[in-house]
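Trainee: Going down the list, the sequences are from chains S and X. Residues in the first sequence are numbered consecutively from 1, following full-length UniProt numbering. Residues in the second sequence are numbered consecutively from 1, following full-length UniProt numbering.
Incorrect hints may have been included.
Remember, identical chains collapse to one label, so a pair may be satisfied in a single copy or spanning two.
In silico BS3-like cross-links for lysine-lysine, where the CA-CA straight-line distance does not exceed 27 Å [what the hints assert, rightly or not]:
no.: 1; residue 1: LYS395; residue 2: LYS204
no.: 2; residue 1: LYS201; residue 2: LYS355
no.: 3; residue 1: LYS95; residue 2: LYS395
no.: 4; residue 1: LYS8; residue 2: LYS95
no.: 5; residue 1: LYS131; residue 2: LYS205
no.: 6; residue 1: LYS24; residue 2: LYS8
no.: 7; residue 1: LYS295; residue 2: LYS208
no.: 8; residue 1: LYS131; residue 2: LYS395
no.: 9; residue 1: LYS33; residue 2: LYS179
no.: 10; residue 1: LYS95; residue 2: LYS10
no.: 11; residue 1: LYS33; residue 2: LYS69
no.: 12; residue 1: LYS179; residue 2: LYS16
no.: 13; residue 1: LYS179; residue 2: LYS204
no.: 14; residue 1: LYS8; residue 2: LYS69
no.: 15; residue 1: LYS201; residue 2: LYS295
no.: 16; residue 1: LYS10; residue 2: LYS295
no.: 17; residue 1: LYS205; residue 2: LYS10
no.: 18; residue 1: LYS8; residue 2: LYS295
no.: 19; residue 1: LYS295; residue 2: LYS95
no.: 20; residue 1: LYS204; residue 2: LYS24
no.: 21; residue 1: LYS131; residue 2: LYS10
no.: 22; residue 1: LYS355; residue 2: LYS24
no.: 23; residue 1: LYS208; residue 2: LYS131
no.: 24; residue 1: LYS445; residue 2: LYS393
no.: 25; residue 1: LYS16; residue 2: LYS103
no.: 26; residue 1: LYS240; residue 2: LYS430
I should point out that these hints are in silico values taken from the structure, not numbers from a laboratory. Remember, predicted model here, so these are calculated numbers, not experimental data.
2 protein chains.
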Amino acid sequence: MSVEALEKNKTIDLRKRHIGPSCKIFFSHDPIKIVQARGQYMYDEKGQRYLDCINNVAHVGHCHPDVVKAGAQQMELLNTNTRFLHDNLVMYAQKLQATLPDKLSVCYFVNSGSEANDLALRLAWQYTGNKDIITLENAYHGHVSSLIDISPYKFHQLSDAEQNQFVHVAPSPDVYRGKYRADHPNPASAYADDVKDIIDKAHKKGRKIAAFIAESLQSCGGQVIPPMGYFQQVAEHVHKAGGIVIADEVQVGFGRVGSHFWAFQLQGEDFVPDIVTMGKPIGNGHPMSCVVTTKEVAEAFMTSGMEYFNTFGGNPVSCAVGLAVLDVIVKEDLQGNALRVGRYLSSQLEQLKRKHPLIGDIRGCGLFVGVELVKDRVTLTPATAEAQEVIYKLKEQHILLSADGPHRNVLKFKPPLCFSTEDADLVVEKINFILTELEEAQGLKEHGSPNIETEGSKRKLLTDENGHQKHSGLIHSKGSDQGAPRQFKQNKRLKT
Amino acid sequence: MSVEALEKNKTIDLRKRHIGPSCKIFFSHDPIKIVQARGQYMYDEKGQRYLDCINNVAHVGHCHPDVVKAGAQQMELLNTNTRFLHDNLVMYAQKLQATLPDKLSVCYFVNSGSEANDLALRLAWQYTGNKDIITLENAYHGHVSSLIDISPYKFHQLSDAEQNQFVHVAPSPDVYRGKYRADHPNPASAYADDVKDIIDKAHKKGRKIAAFIAESLQSCGGQVIPPMGYFQQVAEHVHKAGGIVIADEVQVGFGRVGSHFWAFQLQGEDFVPDIVTMGKPIGNGHPMSCVVTTKEVAEAFMTSGMEYFNTFGGNPVSCAVGLAVLDVIVKEDLQGNALRVGRYLSSQLEQLKRKHPLIGDIRGCGLFVGVELVKDRVTLTPATAEAQEVIYKLKEQHILLSADGPHRNVLKFKPPLCFSTEDADLVVEKINFILTELEEAQGLKEHGSPNIETEGSKRKLLTDENGHQKHSGLIHSKGSDQGAPRQFKQNKRLKT
């Protein structure tokens, strides 16, 4: 198959005719036609290279040869369902389990993060006998109807949004813009207590909690890093109410956070969810996903009397691909790379922050980093148009980044884990330039001198002076600027 | 990767430890370990060949080299999401559309039949503004929670089954065992009128119909072939009520019925559903599926304001695989083969029926054939244990068949479309032998002599004398035995 079969205009025409208009394309006024990819780079039909800072699906690098080979070889041999015994299925389950705490020992293989989260809800409903779900503000858990119901990120897009009675929305544990901020004496307890309040109110109405579900780090919700100890306290409240805790690792799992394999592990060894759901990176693009839970939950699900059969889930090809992804992560120390390059990227961005008033917060773990743009560091007015402008200007520079969060003002870094310090330097340099232009146009004053130190300068930057929490792998701006004097004005609105 | 990495017992142990116990295996007391497959044959770890009569996923034959090659080549080149332009996506949508009536022109690519049916419900809800769904008795539409709700086949398995208020179950249009049978003057209208009654009752309660959903031919529901004209009349009633019609082709599409590419087309050109959902065979095992609908439904979905994004759906690898499957169906005339071999298989089974009192009904189209076993052709008492015995005995003969339907007494043929007349001869011969043994053990009397004519005998059998409806491609026992005298006794129960 040739890399380009149709003229770009023809591709666009056919897409308009035959693909659902709700399926959005990046840069819709001038979309990109990608025909090839390798590692952290994508190539358009003219051979132009793009640096991919956003594809958390191509986890071990686009078209990784080991993964391609494993998939292709197994496709030639056998691809069938799990009603027959197959070694790939059990070896993969065993290897995946080995990355998790012991009590998370039973796997269900499915085809997408959405299927995984829907199954997690079914497990919770069956195990607890309860119905109600607590979800977080701005959460996104998938596109099937049960998950739209528990995804404020989605259901708030509806003109006639109607929240189901069994869904309770807890505040996002966002210490930058949320209800309790970095200056709060104990934001973890405060946010967890809000969950407890929700439980108490539900109980008063005679309702019962089946589950609390949250991404271990909120992704679409704005790259939110919950304060340490939050999940432990939430789990205590939820368990006491007879519910269980679902950690959605669809976007953030598989070593992305650098210091740990799973993002929920950032909270410490004393937090173990009852269900973990996986997705995007699990097969490096191959459609597959997984739900892992405890023996108790799995046995309760079986006692319902209903078989669980998933036509494609756990087929030998998907499992061969999944095994290859796990092998590559280890072989190429991609988790270590995520830690190192992630720290470097964050430190470089921290330096940008010192210079650019538009940057309100830098937060992240490993290669999961958010840059929140604000028009004002006191009021935190979201710089939404500016974030869009950064994304568009970066595209012109052949760098792919996106903006998300409830205000679409958080630049999201979640590149393939083979991302390098040189890649980080390139994107930081471009952002520096774009922000300078934007701030000049708006009459905003830069803070001090740029003085961006790169890896090339060989100076050590990976220290606590950059605000890193060495042991947890967490990085978070300390909010020290929040009380800073307002030293710039907003005098111009950009068009999106 | 070697074809067998673990001893079979080790595979079983690990499966027990790490795979959800709700995930059932075939022949759980002595499961089969399949390590390789090709065409309509599967091979266990000892090299023993099994004839596959049931895998409607491996549609163009297990591990078809053209499909494997297309997938492997695209995996090497690019696998990313639909937020970029790609030719595979639009070429595949165009080619798929060409198999459908013109008005079904807009595609949404997703990962499984379940995702497809869930999206179909979301489209219906949004387009109509209504909530209620009419589904058929014994229907199965998928494993995500929204589909369990509309799948009596599943929710009746629950000990605490509770039917949602918005779900209405219409009688299965089964003219063999259903409410209106072959001796009814107009079963199509009678079954459709039952749908109208449901609509009227719902309206009286102030409820409104969003959609009627049905498999074009019920599969798990017992290989049910609805009477001609049924869907036209149902569509009229449903449209009048402001609802739309969803044809679930997940199990029966892509040429399986032989005379047509889609099973809904068996009803005639005057029936066009508003939404068609696809699945299992679409990628020959690759996890993918599709929803196709009209421009009007797609535009209404867009006006909700909610983007539809599916991480893996429509990726270039899935589309390359899908394109290859369509090409192979044409290149190898697999639809024609389904028609020819399907007719031959049905005619051979009809001959078995003349001999074996345990066979109550033979019905099917192309390579979608059901053999319903009964203990008594007057009372139609399901011969459930006998059906299970046939399946187990066939397994001993290295033939894979399954039994389904609400009484698990319908032998289901839905093999890869490369199934041959020799394959048909083999399985019919074995079933003949097994039924003879069973009937002897039960003191049942055979009708007349066996006289099974095979393809090898070169005698023409594909005529109307076998009860075929030549033009529609439909085959259905005429129910002529239903009034026959009871000529045998049940004197022994088999254990399952």
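Trainee: Go through the copies and call it for LYS24 and LYS8: within, between, both or neither, with a Cα cutoff of 27 Å.
Mentor: within (17 Å within a copy, 47 Å between copies)
Trainee: If the cut is 27 Å between Cα atoms, do LYS179 and LYS16 qualify within a copy, between copies, both or neither?
Mentor: neither (42 Å within a copy, 46 Å between copies)
Trainee: Please work out whether the CA atoms of LYS8 and LYS95 approach to 27 Å or closer within one copy, between two copies, in both situations, or in neither?
Mentor: Intra 43 Å, inter 18 Å, cutoff 27 Å: inter-copy only.
Trainee: From the Cα coordinates, with 27 Å as the cut-off, is the pair LYS8 and LYS69 best called within, between, both, or neither?
Mentor: Classified as between; 25 Å across copies, 30 Å inside a copy.
Trainee: Between LYS201 and LYS355, at a C-alpha cutoff of 27 Å, which is it: within one copy, between copies, both, or neither?
Mentor: Neither. Shortest intra-copy (46 Å) and inter-copy (68 Å) distances fail the 27 Å Cα cut-off.
Trainee: Between the shortest in-copy and the shortest cross-copy C-alpha distance, which are at most 27 Å for LYS33 and LYS69: within, between, both, or neither?
Mentor: Answer is both: 25 Å inside a copy and 23 Å across each meet the 27 Å cutoff.
Trainee: For LYS208 vs LYS131, is the C-alpha pair at or below 27 Å within one copy, between two copies, both, or neither?
Mentor: both (6 Å within a copy, 25 Å between copies)
Trainee: Please sort LYS131 with LYS10 into within, between, both or neither, judging by C-alpha distance up to 27 Å.
Mentor: neither (49 Å within a copy, 38 Å between copies)
Trainee: Please work out whether the CA atoms of LYS295 and LYS95 approach to 27 Å or closer within one copy, between two copies, in both situations, or in neither?
Mentor: Classified as within; 17 Å inside a copy, 46 Å across copies.
Trainee: Indicate which option fits the pair LYS131, LYS395 if close means a Cα-Cα distance not exceeding 27 Å: within, between, both or neither.
Mentor: neither (45 Å within a copy, 42 Å between copies)
Trainee: State whether the alpha carbon distance between LYS204 and LYS24 is at most 27 Å within one copy, between copies, both, or neither.
Mentor: So LYS204 and LYS24 fail the 27 Å test inside a copy (42 Å) and across (40 Å) alike.
Trainee: Regarding LYS395 and LYS204, is the shortest C-alpha distance of 27 Å or less found within a copy, between copies, in both, or in neither?
Mentor: So LYS395 and LYS204 fail the 27 Å test inside a copy (52 Å) and across (57 Å) alike.
Comparing the model with each numbered hint stated earlier shows that hints 1, 2, 3, 8, 9, 12, 15, 17, 20, 21, 22, 26 do not hold.
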